[in-house]
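Student: Sequence:
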Amino acid sequence: TNQALALTLQASAFSDPDGDGHASSAWVIKRGSDNTIAFDSGNDSVNKTSITVPAGVLSYSATYSWSVHYTDANGAQGLKLLSTMAGGTGLFQLFIDNADGLPLDTNRVANIDIFGTTNLAIGSSGWIKLTNPAILTNGRLFLEDPESAGTPQHFFRVEERP
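Using the working numbering, you'd call the opening residue of the sequence shown number 7 and step up by one each time.
Hints in this document: simulated from the structure, not taken from any laboratory.
Certain hints may be false.
Claimed, not checked - Cross-link-like lysine-lysine pairs, in silico, DSBU-like; alpha carbons within 35 Å at most:
1) Lys135 / Lys36
2) Lys54 / Lys36
3) Lys135 / Lys54
Hey, can you work out the whole structure from these sequences and the hints?
Tutor: Structure representation (structure tokens):
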């Protein structure tokens, strides 16, 4: 809400546990009012870590959430991260799903770390591991980040250890 209609989404650099290259990213923007898809880039091999939202997609006085998921050079997809603002609270909410649509389980969740930063320009030293616990509900992780309240932008990164 109250963001410029010409918006660029930016995600963190691709990292693959077995060293495969970054083949593509899929960017999705959903309207907060009804959760319908306002924009879906499909598998984009050009806009891998940032994308400018096309004109006419966003409307003033509307709330949106967005997600991006990466595909490696072998076609494998990892976790999908959806970030949204909690209505009126100023807190960022994260929803972490398996990109293939299968539910997450407690064994897999034990190997997932969530990091946050407010400045991508300072590099890897700016990422802080979030210590507040994510909650596994209905096969997806949910995290509300109280440390992000009052921050105009906040970036999140999810890492899954082998």
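Student: Among all the numbered hints in the text so far, which are the ones the structure does not match?
Tutor: Hints that this structure does not satisfy do not exist here, as all of them hold.
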